[in-house]
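These are the residues of each chain, in order.
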Amino acid sequence: MSKRIDLVDLDIFYGDFLAVEQVTLTVNPRSVTAFIGPSGCGKSSVLRSINRMHELVPGAYVTGEVLLDNEDVYGVDVDPVLVRRTIGMVFQRPNPFPTMSIYDNVVAGLRLSKRRRRSKDLDDVVERSLRSANLWAEVKDRVDRPGAGLSGGQQQRLCIARAIAIEPEVLLMDEPCSALDPISTLAIEDLIHELKDTYTIVIVTHNMQQAARVSSTTAFFNVNAVGEPGRLIEIGETSQIFSNPRVKQTEDYVSGRFG
Amino acid sequence: MTTVPILTGRRLPRWSTPVVAAAAILVGLVLQFGGISPLGLAPALFAAIGFIVARSTWSWILEGRRHATDRLMGSLVVGALLLALVPLVWILITVAIRGYSVMNTEFITGTMRNIGPRVEGGGIGHAFVGTLQQVGIAALISLPIGIMTAIQLVEYGRGKTLSRWISFFVDVMTGVPSIVAGLFIYTAVILTFGFSQSGFAAGLALTILMIPVVVRSTEEMLRIVPNSLREGALALGIPKWRVITFVVLPTAISGIITGAMLAIARVAGETAPLLLTTFLAQDVNFNAFDGSQTALPTFIWDQISRGTAPAIDRAWGGAYALILFVLVLYAAARVIAAVFAPARE
Numbered sequence: 168m169s170k171r172i173d174l175v176d177l178d179i180f181y182g183d184f185l186a187v188e189q190v191t192l193t194v195n196p197r198s199v200t201a202f203i204g205p206s207g208c209g210k211s212s213v214l215r216s217i218n219r220m221h222e223l224v225p226g227a228y229v230t231g232e233v234l235l236d237n238e239d240v241y242g243v244d245v246d247p248v249l250v251r252r253t254i255g256m257v258f259q260r261p262n263p264f265p266t267m268s269i270y271d272n273v274v275a276g277l278r279l280s281k282r283r284r285r286s287k288d289l290d291d292v293v294e295r296s297l298r299s300a301n302l303w304a305e306v307k308d309r310v311d312r313p314g315a316g317l318s319g320g321q322q323q324r325l326c327i328a329r330a331i332a333i334e335p336e337v338l339l340m341d342e343p344c345s346a347l348d349p350i351s352t353l354a355i356e357d358l359i360h361e362l363k364d365t366y367t368i369v370i371v372t373h374n375m376q377q378a379a380r381v382s383s384t385t386a387f388f389n390v391n392a393v394g395e396p397g398r399l400i401e402i403g404e405t406s407q408i409f410s411n412p413r414v415k416q417t418e419d420y421v422s423g424r425f426g
Numbered sequence: 086m087t088t089v090p091i092l093t094g095r096r097l098p099r100w101s102t103p104v105v106a107a108a109a110i111l112v113g114l115v116l117q118f119g120g121i122s123p124l125g126l127a128p129a130l131f132a133a134i135g136f137i138v139a140r141s142t143w144s145w146i147l148e149g150r151r152h153a154t155d156r157l158m159g160s161l162v163v164g165a166l167l168l169a170l171v172p173l174v175w176i177l178i179t180v181a182i183r184g185y186s187v188m189n190t191e192f193i194t195g196t197m198r199n200i201g202p203r204v205e206g207g208g209i210g211h212a213f214v215g216t217l218q219q220v221g222i223a224a225l226i227s228l229p230i231g232i233m234t235a236i237q238l239v240e241y242g243r244g245k246t247l248s249r250w251i252s253f254f255v256d257v258m259t260g261v262p263s264i265v266a267g268l269f270i271y272t273a274v275i276l277t278f279g280f281s282q283s284g285f286a287a288g289l290a291l292t293i294l295m296i297p298v299v300v301r302s303t304e305e306m307l308r309i310v311p312n313s314l315r316e317g318a319l320a321l322g323i324p325k326w327r328v329i330t331f332v333v334l335p336t337a338i339s340g341i342i343t344g345a346m347l348a349i350a351r352v353a354g355e356t357a358p359l360l361l362t363t364f365l366a367q368d369v370n371f372n373a374f375d376g377s378q379t380a381l382p383t384f385i386w387d388q389i390s391r392g393t394a395p396a397i398d399r400a401w402g403g404a405y406a407l408i409l410f411v412l413v414l415y416a417a418a419r420v421i422a423a424v425f426a427p428a429r430e
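First to last, the sequence lines map onto chains A and B. Just so we're aligned: the first sequence equals residues 168 to 426 in my numbering. Just so we're aligned: the second sequence equals residues 86 to 430 in my numbering.
Since the hints were derived computationally from the structure, they do not count as laboratory data. By construction, the Cβ of each residue, glycine as well, lies at the ideal position given by its N, Cα and C atoms. A hint or two may mislead.
As the list claims (entries may be wrong) - In silico contact screen, one side only, chain B against chain A (beta carbon under 8 Å); selected entries: (1) G164; (2) A165; (3) A169; (4) S248; (5) I251; (6) E316; (7) W326; (8) P335.
Stated by the list, open to error - If the Cβ cut is set under 8 Å, some of the chain A residues that face chain B in the computed set are: (9) S198; (10) L214; (11) L223; (12) Y241; (13) V245.
As the list claims (entries may be wrong) - Simulated restraints, written as ranges between beta carbons of each label pair: (14) B/T259 to A/P196: 54 to 62 Å; (15) B/G159 to A/S345: 57 to 65 Å; (16) B/A127 to A/G319: 57 to 65 Å; (17) A/P196 to B/Y415: 41 to 49 Å; (18) B/V174 to A/L353: 19 to 27 Å; (19) B/V424 to A/R295: 53 to 61 Å; (20) A/D348 to B/L130: 37 to 45 Å.
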């Protein structure tokens, strides 16, 4: 498991509007790569174009290449459904399915996308996924209760469990902690540390301390002005980006002297 | 050391509203029975205005302008509500009283066969069969079409030209007068293809009226399903049609069912299209595909047009039965909506 991602000359459009321009970068397998940058710089758009969620917005498209171990995600015969089974995603706000129990939430991806499995197998998947998401101990006695009844942090871990239940190669996280309190955030960050041994993880975050804590590689995106496209300014080892950035803009941003 | 309160102001006593209201009502009664109409106003209206003026003035003197404005506007809003409720409650009470007097088992199960306009007795059994069959046919046809149209509009067609046109025509259909729907089925089905008048033709006419209502209500319900749920499901690699079937629809199902029930209730009261498509029968006709059927609204219309006292009583009874029928549908909608509502702790 876990694959490498290469973005090559990626341009991201919303209709006529060029939102992100000429992004070329590499995400290494079994590592955590953080995307940082101010609001509107396009880091979320880049993330969403990796598993073809970007094109769900009417009129949105990309040009360039997104390579998953040298296989183009935007190739001619590629099925976006298969892409999303390989590249999982966790969103900013926890979004458990309100009509489903905790159990059903975890197996939703399997049950609704692949052939029927024996319920014993599903039980194993539920336990394994919830254990991986550090949620098993808290919910093991009430997996048949609604997922919406959990706390925000628990819901987010449920969504992570749901995403890893389908055994993806890559896990994309779009500001997974921004709606959570510090204790839940800590729980998720610990989880990311454990998951990086198995998955390729890309995390978008507004929190630079978080990027410094969880990631090995950091990419800094910036935008000159509203209405102009966002750009990848610099990518490098996290320690280097935060201590010894090569570009002035990066230094201004990570040191808080932005603008 | 005592602190001077700075956060409290003088307020009207709690009993001020009932006391002023009681005084206004008293004045109104005195005027009513004295036969006086001050300033040319009816006593009830004078009392209502008097209540608002008195309470607002008292409030201004004691509490200041902000509270007085609040109380004035509050009274006007509540007044508008009461005014809107008057005809509704009036209709309900009148129908209930007049209808209840003829309501009995024979009235519910009986028919109008061999019962002349000057004779008491008879019943709505045949009309009830007609309403159930015609509305059932309309529901069977228009619920699938309406719900699927709404799914196309919300899930597949956002911002596309085709859906804009569909949406436009659904709006146009909402405004079609019901008699035009009946006329359309009359010319398009009965005259053109030579079918006889039947409950099925009436069901088709009701379908035309029902589809836009179902589309609109289902659309509303689908639109309030958060997009984050769709994205969350799609990001798991679930195919779109399964996302719609197993995530979006279950989330919205209680609202969709409520909307469907309201649409059924709405067409159950239609009269004009039925007159053109199935007309009337005095006896029960279980075959919806051949021959005339009476429905509850056309029963009422028929009995009123006879003009005799027993017939008019039967019309009230029919109206009462129709209201009860619709009420049962509303109640069922609430129960079903509660059963299917997304589980919450």
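Hints and how they fare:
Interface hint at B/G164: violated, since its Cβ lies 40 Å from the closest Cβ of chain A, which is beyond the 8 Å cut-off. For the restraint placing B/A165 at the interface with chain A, the shortest Cβ-Cβ distance is roughly 36 Å, beyond the 8 Å limit, so the hint is violated. Annotation: B/A169 was flagged as interfacial toward chain A, and the flag is violated, the nearest CB pair being 35 Å apart, outside 8 Å. A distance limit of 8 Å between C-beta atoms decides the matter here; for B/S248 the minimum to chain A is near 11 Å, and the interface restraint is violated.
The interface hint given for B/I251 is broken, as the beta carbon of that residue sits about 16 Å from the closest beta carbon of chain A, more than 8 Å. The beta carbon of B/E316 comes within 6 Å of a beta carbon in chain A, closer than 8 Å, and the hint placing it at the interface holds. At about 10 Å, the closest approach between the beta carbon of B/W326 and any beta carbon in chain A exceeds 8 Å, and the interface hint on this residue is violated. Taking 8 Å as the C-beta contact cut-off toward chain A, the hint placing B/P335 at the interface holds, the least distance being around 4 Å.
For A/S198, the interface hint is violated, the least distance from its beta-carbon to any beta-carbon of chain B being 21 Å, above 8 Å. Contact between A/L214 and chain B, as hinted, is not supported at the beta carbon level, the nearest pair being about 11 Å apart and thus beyond 8 Å. Nearest Cβ of chain B to the Cβ of A/L223: about 7 Å, under the 8 Å cut. The hint holds. Look at A/Y241: its Cβ only gets to about 17 Å from chain B, farther than 8 Å, so that hint breaks.
Interface hint at A/V245: violated, since its Cβ lies 13 Å from the closest Cβ of chain B, which is beyond the 8 Å cut-off. For B/T259 and A/P196, the Cβ-Cβ distance of about 56 Å falls inside the hinted range of 54 to 62 Å, so the restraint holds. Taking the beta carbon of each, B/G159 and A/S345 are about 41 Å apart, not inside 57 to 65 Å as hinted. For the pair B/A127 and A/G319, the beta carbons lie near 58 Å from each other, so the given range of 57 to 65 Å is met.
The beta-carbon spacing between A/P196 and B/Y415, approximately 59 Å, falls outside the hinted interval of 41 to 49 Å. Between B/V174 and A/L353 the Cβ separation comes to about 59 Å, which falls outside the hinted range of 19 to 27 Å. A hinted range of 53 to 61 Å for the beta carbons of B/V424 and A/R295 is inconsistent with their spacing of about 34 Å. For A/D348 and B/L130, the hinted distance range of 37 to 45 Å is not satisfied, since their beta carbons lie about 58 Å from each other.
Consistency with the previously given hints fails for numbers 1, 2, 3, 4, 5, 7, 9, 10, 12, 13, 15, 17, 18, 19, 20, ordered from lowest to highest.
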